[in-house]
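Novice: Here's the letter readout for the chains.
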Amino acid sequence: MAASSVRVVFVALLVATLTSCRSTWRADAVALAVRGAETGERLAVYYDSLARDTIDHWELTAFRRGFLRLPPADVDARREFEAQYRALRSRARLARRLGNVYEAYGRLAKYDTGGEIVAAIDSLDEQLREVAESPLDRRGDIADRLIKVIADWKQKRELRSAGRLLAAATAGVDELFRAERELYRDIVRDRAGNYRQVAKELVEAKEVVSVALVDRVLSSFNLEWPASKVPFDDERMIAGIKEIIDARATTFEAQSQSETDGVARALRTLLEAHD
Amino acid sequence: MTDLQIYRALRKQFRTIDDHADELARRCETFAEAKQLSDDWAQAQRNYLDARNRIFDTNSARVRELYEQLGVAQKEIDASLQKLKKAEGVLDRIRDAVRIATSLVGQGKV
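Protein chains in written order, with this note's numbering: chain F, 1 to 275; chain V, 1001 to 1110.
Quick caveat, the hints were computed from the structure, so don't treat them as lab data. A hint or two may mislead.
[Said to hold, decoys possible] Simulated pairs of lysine-lysine, DSSO-like, Cα-Cα distance not exceeding 30 Å:
| hint | chain 1 | residue 1 | chain 2 | residue 2 |
| --- | --- | --- | --- | --- |
| 1 | F | K242 | F | K206 |
| 2 | F | K156 | F | K206 |
| 3 | V | K1075 | V | K1085 |
| 4 | V | K1085 | F | K242 |
| 5 | F | K156 | V | K1083 |
| 6 | F | K156 | V | K1035 |
| 7 | F | K110 | V | K1035 |
| 8 | F | K229 | F | K242 |
| 9 | F | K200 | F | K156 |
| 10 | F | K200 | V | K1075 |
| 11 | V | K1086 | V | K1075 |
| 12 | F | K200 | F | K154 |
| 13 | V | K1012 | F | K110 |
| 14 | F | K154 | V | K1083 |
| 15 | F | K156 | V | K1075 |
| 16 | F | K200 | V | K1083 |
| 17 | F | K206 | F | K229 |
| 18 | F | K206 | F | K154 |
| 19 | V | K1012 | V | K1035 |
| 20 | F | K154 | V | K1012 |
| 21 | F | K110 | V | K1086 |
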């Protein structure tokens, strides 16, 4: 076999080996980008909801003080609530940027450098042929595949370098989340506690119609409360309704807290996906 | 005592009042007592929030740093994509030049 034929076979084998895992790294990088963009958005939505909880807490506290007929206090926590709101909004912005950078990483991963260059060469070859014989050698696909291998290698390097930057930033965001997790849980708990207190205080004061809370039990036996649009007067009923509010509030709070755990898990999984 | 320990102590103090505010309000018999409860409640809340914000503040430098770090990553990724598109761009420009040359040849101007 001539030396040139051996070289061609060698190059063909090398190209075949290098291109065999081509689609995997691209798909992996795209999957990482999708996961990162979703986690960033989920985290941002979570921080936004904590910021809303902050406003709710502020307003409900003011309502409760008025409702309990307490005189206005000499001190005011507005400034502290505003500072907390700003802190949470800045974290939401950080989380959105995290998602955006993962989206950019996805665009980089999706771009088929090798394919685009070969297509451009084909197009150029076609144009040249209209003028004269093209100097480009378009006889075999080995050259094309070699171009793709080199282009992919270059793209892989760019992706690896971007991946390292993203992994470091994601680790930082994860660390921040873990350091402040207890505070986030408290914000959720305080807001849920306030809702529960307001509901119970309104029932206690016989200011609201709470029959809907026991309607489900009654309707199962085709029973109906005689005057359904009147607040309960009976102390035993009031005590029972307050217990239902406590039980439901616990469930609502648990649902909100499970989102805290879910976000923490999503960040961990994203970090592990970088390994 | 760490900031977190102080925070936990103040949280406990605030919740003791907050969880029983209605009961405590009912027990107030004079305006002075009601005013005292109102002030204590508000002050406890303020202390609790202040302790929490102190922890947020401590971490805010890190938040800014991460935000900047992500900005740099975004720029580098965009630059990488542009770099990869460059080879294709060069070929596109050559192709445009060839197209112009072809059209000039066709018009007999060359």
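Novice: Please go over all the hints and tell whether each is borne out by the structure.
Specialist: Taking the hints in turn, this is what the structure says about them:
Of the supplied pair hints, the one linking K242/F and K206/F holds, its CA atoms being roughly 12 Å apart against a limit of 30 Å. Proposed proximity of K156/F and K206/F is contradicted: the alpha carbons are some 68 Å apart, above 30 Å. A hinted pair counts as satisfied when its Cα atoms are at most 30 Å apart, and K1075/V with K1085/V qualifies at roughly 15 Å. About 65 Å separates the Cα atoms of K1085/V and K242/F, which puts this hinted pair outside 30 Å; it is violated.
About 13 Å separates the Cα atoms of K156/F and K1083/V, which keeps this hinted pair within 30 Å; it holds. Distance check on the hinted pair: K156/F and K1035/V sit about 68 Å apart at the alpha-carbon level, beyond 30 Å; violated. For the hint linking K110/F to K1035/V, the alpha-carbon distance of about 65 Å lies beyond 30 Å, and the restraint is violated. Under the criterion of a C-alpha separation no larger than 30 Å, the hint pairing K229/F with K242/F is consistent with the structure, at around 18 Å.
For the given pair, K200/F sits about 60 Å from K156/F by alpha-carbon distance, which is inconsistent with the 30 Å threshold. For the hint pairing K200/F with K1075/V, the CA-to-CA distance comes to about 53 Å; that exceeds 30 Å, so the pair is violated. Restraint check: the Cα-Cα separation between K1086/V and K1075/V comes to about 16 Å, which is no more than 30 Å; the hinted pair holds. In summary, the hint linking K200/F to K154/F is not supported, as the alpha carbons are separated by about 64 Å, beyond the 30 Å threshold.
Only pairs whose Cα atoms come within 30 Å are accepted, and K1012/V paired with K110/F is rejected, the gap being roughly 52 Å. In summary, the hint linking K154/F to K1083/V is supported, as the alpha carbons are separated by about 10 Å, within the 30 Å threshold. Note on K156/F and K1075/V: the hinted pairing holds, with a Cα-Cα distance of about 18 Å set against a maximum of 30 Å. At most 30 Å may separate the alpha-carbon atoms for a hinted pair to count; K200/F and K1083/V exceed this at roughly 63 Å.
Restraint check for K206/F and K229/F: satisfied, since their Cα atoms lie roughly 12 Å apart, inside the 30 Å limit. Restraint check for K206/F and K154/F: the C-alpha separation of about 72 Å exceeds 30 Å, so the hint is violated. A distance of roughly 22 Å separates the Cα atoms of K1012/V and K1035/V; the hinted pair therefore holds under the 30 Å criterion. Of the pairs offered as hints, the one joining K154/F and K1012/V is violated, with about 57 Å between alpha carbons and a cut-off of 30 Å exceeded.
As the CA atoms of K110/F and K1086/V are separated by approximately 16 Å, the hinted pair is consistent with the 30 Å bound.
Comparing the model with each numbered hint stated earlier shows that hints 2, 4, 6, 7, 9, 10, 12, 13, 16, 18, 20 do not hold.
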